[in-house]
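Those protein sequence lines, which keep their order, are chains A and B.
Note that my numbering has the first sequence beginning at 1, numbered continuously upward.
Note that my numbering has the second sequence beginning at 1, numbered continuously upward.
If you are wondering where the hints come from, they were derived from the structure by calculation, not from laboratory data.
Any given hint might turn out to be false.
Just a few of them, taken from the derived set where beta-carbon distance is under 8 Å, the chain B residues facing chain A [what the hints assert, rightly or not]: (1) 41; (2) 45; (3) 163; (4) 195; (5) 198; (6) 200; (7) 202; (8) 203.
Idealized CB from N, CA, C, for every residue including glycine.
Number of protein chains: 2
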Amino acid sequence: MASLSTAAQTSATALPPTRYDKRMSEILAHATEVFREKGYEGASMRDLSRATGMSLAGLYYYFESKERLLFLIQKHTFTTIVARLKKRLEHVSDPEEKIRAFILNHLEYFLANPAAMKVLSHEAEVLKSGFALELAASKREYYRICVALLGDLKQEWELEFSTRLAVLSLFGMMNWIYTWYNPRIDADAAAIAREMGDIFLRGVANGCKTSLKKTDFNSRCKESPNGNHHAAGKR
Amino acid sequence: MASLSTAAQTSATALPPTRYDKRMSEILAHATEVFREKGYEGASMRDLSRATGMSLAGLYYYFESKERLLFLIQKHTFTTIVARLKKRLEHVSDPEEKIRAFILNHLEYFLANPAAMKVLSHEAEVLKSGFALELAASKREYYRICVALLGDLKQEWELEFSTRLAVLSLFGMMNWIYTWYNPRIDADAAAIAREMGDIFLRGVANGCKTSLKKTDFNSRCKESPNGNHHAAGKR
DNA sequence: ACTTGAATCGAACGTTCGTTCGAATTTCTC
DNA sequence: GAGAAATTCGAACGAACGTTCGATTCAAGT
Numbered sequence: 001m002a003s004l005s006t007a008a009q010t011s012a013t014a015l016p017p018t019r020y021d022k023r024m025s026e027i028l029a030h031a032t033e034v035f036r037e038k039g040y041e042g043a044s045m046r047d048l049s050r051a052t053g054m055s056l057a058g059l060y061y062y063f064e065s066k067e068r069l070l071f072l073i074q075k076h077t078f079t080t081i082v083a084r085l086k087k088r089l090e091h092v093s094d095p096e097e098k099i100r101a102f103i104l105n106h107l108e109y110f111l112a113n114p115a116a117m118k119v120l121s122h123e124a125e126v127l128k129s130g131f132a133l134e135l136a137a138s139k140r141e142y143y144r145i146c147v148a149l150l151g152d153l154k155q156e157w158e159l160e161f162s163t164r165l166a167v168l169s170l171f172g173m174m175n176w177i178y179t180w181y182n183p184r185i186d187a188d189a190a191a192i193a194r195e196m197g198d199i200f201l202r203g204v205a206n207g208c209k210t211s212l213k214k215t216d217f218n219s220r221c222k223e224s225p226n227g228n229h230h231a232a233g234k235r
Numbered sequence: 001m002a003s004l005s006t007a008a009q010t011s012a013t014a015l016p017p018t019r020y021d022k023r024m025s026e027i028l029a030h031a032t033e034v035f036r037e038k039g040y041e042g043a044s045m046r047d048l049s050r051a052t053g054m055s056l057a058g059l060y061y062y063f064e065s066k067e068r069l070l071f072l073i074q075k076h077t078f079t080t081i082v083a084r085l086k087k088r089l090e091h092v093s094d095p096e097e098k099i100r101a102f103i104l105n106h107l108e109y110f111l112a113n114p115a116a117m118k119v120l121s122h123e124a125e126v127l128k129s130g131f132a133l134e135l136a137a138s139k140r141e142y143y144r145i146c147v148a149l150l151g152d153l154k155q156e157w158e159l160e161f162s163t164r165l166a167v168l169s170l171f172g173m174m175n176w177i178y179t180w181y182n183p184r185i186d187a188d189a190a191a192i193a194r195e196m197g198d199i200f201l202r203g204v205a206n207g208c209k210t211s212l213k214k215t216d217f218n219s220r221c222k223e224s225p226n227g228n229h230h231a232a233g234k235r
């Protein structure tokens, strides 16, 4: 039978990984890559068998179904990114920096694990009720954290906007990256996080109430012609 | 055989729609809905047969393959949204208003045709080389239009930022909407377009070079406490 | 009414799908 | 190195897949 420690074990119960655990992780990694390439429905168990070098029947020693395999991938990915985020936020107190940390955490993990994050983003609807419910909890927690961070910013900066729309717009900006990111063209996670952070934070900060009236904006900006827009946002 | 006018006929060759054309459109509409619900790979020809009320073999009188069916849906959707955009942009000259028109056009069509837009966004990678190439051209044209609009804004407002990242962030904000929009909770297309436009345009406008340094920003904003942030962006 | 081509259908094709099972093999324990 | 437990496998299951084909029904012109 399987060992007591599951593959998606939290760092709290850090038993030494058993042989079973290691093999499990290998299979999960290969499956993640296959799901990224062909999609969950488009990938067959025979594709996974080929990618892992394990027989078709052998896979079922680790997973009772293809659906549970997808669930484990998504659950593990979500758990990891939330855990990293919480650890990261401990060392930050400023609301703006917290949101920047959120964005950086998301994009760093996204670009370091593009396959897992694409599977998480793109196959978000395929799991059936049982699996879907458990995953929805993780998703909700992650969403709530971002809402709370933005709420703090709203209060500190005395802003007014729809938190829901702002958070979902931010997720859209970040998650859409799997459709276009090219490591040979695009900057690294830190740079993209900075630029997206600039766009989002400036966008959400409705400070100067005339800032979007074109004429006012233009005349105001003529007085202080813009320099390197990176200088201000540098951490 | 099929009539001369194809189902995805452009408005230029506006022949009266034949019986064949009308039936074709019906099938396309039903298929779009099924693809939205179950995904392209997850939907079977038997699902489409059930949804359209037509026999399995009957469908193949209109489409030579399931893949071509998806292609026709995506091609028609893209063609329509680009055509609407071009017509809309004719009546606008101001760069900011042009981008707002772009966003409004995209979101209006998105929320009026959520199934088609989800299929366009979510099944963007499944078509094979032949179909994929033709669709990539439409995609590229749409992307280029947005790049050009943003280029104009950059020039008029004397801004500096990565156009590629800004455009792709905007697409992310807009296209992600299919994962969360709920007509019972969320505002209509015009309101969301306004809010997203505010976020994006303010975000991209790096006018006041100190705008994101928290201390400076805060002190600057204390002088003119923010009012209704919608007032400025009203069309 | 009869002909003709367009439109639709039932039934089946061969293939691939996810999953199972008992046997074989490997690994671990003593 | 023998025995037990953990792991892997070949072979097959029934179901569902996309697609085809010959026959049938429908709509329109004469």
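Evaluation of the provided hints:
1. Against a cut-off of 8 Å between C-beta atoms, the interface hint on residue 41/B holds, since the closest Cβ of chain A lies about 4 Å away.
2. The beta carbon of residue 45/B is not positioned within 8 Å of any beta carbon in chain A (closest approach about 14 Å), and the interface hint is therefore violated.
3. Checking residue 163/B against chain A: minimum C-beta separation of about 11 Å lies over 8 Å; hint violated.
4. Using the Cβ-Cβ criterion of 8 Å, the hint placing residue 195/B at the interface with chain A is satisfied: the shortest such distance is roughly 5 Å.
5. Interface hint status for residue 198/B: upheld, as the beta-carbon distance to the closest one in chain A is roughly 6 Å, under 8 Å.
6. Interface hint status for residue 200/B: upheld, as the beta-carbon distance to the closest one in chain A is roughly 6 Å, under 8 Å.
7. Checking residue 202/B against chain A: minimum C-beta separation of about 5 Å stays under 8 Å; hint holds.
8. For residue 203/B, the suggested interface contact is upheld, since its CB lies about 3 Å from the closest CB of chain A, less than 8 Å.
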